[in-house]
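S.K.: Per this note's numbering, residue 2 is the first one in the sequence shown, and the count goes up by one each step.
Just so you know, the hints here were simulated from the structure itself, not pulled from any lab data. For each residue, glycine too, the CB sits at the ideal point set by N, CA and C. Warning: the hint list may mix true and false statements.
Said to hold, decoys possible - With a cut-off of at most 27 Å between alpha-carbon atoms, the simulated DSSO-like pairs for lysine-lysine come out as follows:
#1 151 / 193
#2 40 / 87
#3 71 / 28
#4 169 / 181
#5 28 / 169
What the hints assert, rightly or not - Okay, the calculated beta carbon distance ranges per label pair:
#6 137 / 5: 17 to 25 Å
#7 103 / 179: 55 to 63 Å
#8 175 / 124: 53 to 61 Å
#9 14 / 193: 20 to 28 Å
#10 200 / 3: 45 to 53 Å
#11 123 / 81: 46 to 54 Å
#12 194 / 95: 52 to 60 Å
#13 190 / 37: 33 to 41 Å
#14 77 / 199: 21 to 29 Å
#15 5 / 75: 21 to 29 Å
#16 49 / 137: 18 to 26 Å
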Amino acid sequence: MKSPFIFSYHKEVQDILDEILIDNFSKVFEESYCDNISKLDSNTLLVTNEYFNIRPTLNFNIWNGIGTAKLHLDRNQDDIRQIHYKVDYTRSAVLFITTCIGFFILLTIYSPDKKENLNVLIPLLFIFIAFINTLILYLRHRSMFLNAIKRRPDNIGNYNWTEILERKSNKELNEIILGKAQLPNSISSLAKHELERRIIKKE
Numbered sequence: 002m003k004s005p006f007i008f009s010y011h012k013e014v015q016d017i018l019d020e021i022l023i024d025n026f027s028k029v030f031e032e033s034y035c036d037n038i039s040k041l042d043s044n045t046l047l048v049t050n051e052y053f054n055i056r057p058t059l060n061f062n063i064w065n066g067i068g069t070a071k072l073h074l075d076r077n078q079d080d081i082r083q084i085h086y087k088v089d090y091t092r093s094a095v096l097f098i099t100t101c102i103g104f105f106i107l108l109t110i111y112s113p114d115k116k117e118n119l120n121v122l123i124p125l126l127f128i129f130i131a132f133i134n135t136l137i138l139y140l141r142h143r144s145m146f147l148n149a150i151k152r153r154p155d156n157i158g159n160y161n162w163t164e165i166l167e168r169k170s171n172k173e174l175n176e177i178i179l180g181k182a183q184l185p186n187s188i189s190s191l192a193k194h195e196l197e198r199r200i201i202k203k204e
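Given only the sequences and the hints, what does the whole structure look like? Please build it.
M.R.: Spelled out as structure tokens, the structure:
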């Protein structure tokens, strides 16, 4: 059964290679102190977190209450990349719901009649806190999602760029050559060489 407690983020980009996007998100996830990052395939990343783990940024960690998160890249017929990022915050939601119900039961049992208003006010307070916490969590993951897309690569990575460029279309190679793909000049030179090789091969 699919959880109703899912944040979904989507964005379309055209000038960034899949390899760069995957590398950017891998680094951002690692820097945010998630527990485990798995690469399911060339276009999919899965983040999984332990139930209990003391992280360096425990009080403000972006993964508190998050069980899993999944990033997936799709490409349509116009070579536009669609980035899909889904975050499962079921753990956080269940914790707040359970806490709210627990306090409500305790107040119902132990509160004197003259304090019966607390039976309503305190659960409402917990609901408000849960809403604010969920909103902050949503905005923080949205910010991380957008920052990963905008991030320029620190290096060209441990990739076989010759093989990668051989799989690119002429349109994609031209984008790399023109500097639209946010890649170093050394990769642009390789892209130019690959495009020239294809032209010579056709002649």
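S.K.: It remains to establish, for every hint, whether it holds in the given structure.
M.R.: Results of checking the hints against the structure:
1. 151 / 193: holds (24 Å)
2. 40 / 87: holds (15 Å)
3. 71 / 28: holds (15 Å)
4. 169 / 181: Since the Cα atoms of residue 169 and residue 181 sit roughly 14 Å apart, the hinted pair holds (cutoff 27 Å).
5. 28 / 169: holds (24 Å)
6. 137 / 5: 17 to 25 Å: Given about 19 Å between the Cβ atoms, the range holds.
7. 103 / 179: 55 to 63 Å: Check passed, 60 Å falls within 55 to 63 Å.
8. 175 / 124: 53 to 61 Å: This hint holds: roughly 60 Å between Cβ atoms.
9. 14 / 193: 20 to 28 Å: holds (22 Å)
10. 200 / 3: 45 to 53 Å: holds (49 Å)
11. 123 / 81: 46 to 54 Å: holds (50 Å)
12. 194 / 95: 52 to 60 Å: Hint holds: Cβ distance 55 Å, inside 52 to 60 Å.
13. 190 / 37: 33 to 41 Å: Given about 37 Å between the Cβ atoms, the range holds.
14. 77 / 199: 21 to 29 Å: holds (24 Å)
15. 5 / 75: 21 to 29 Å: holds (24 Å)
16. 49 / 137: 18 to 26 Å: holds (22 Å)
Of the numbered hints listed earlier, not one is contradicted by the structure.
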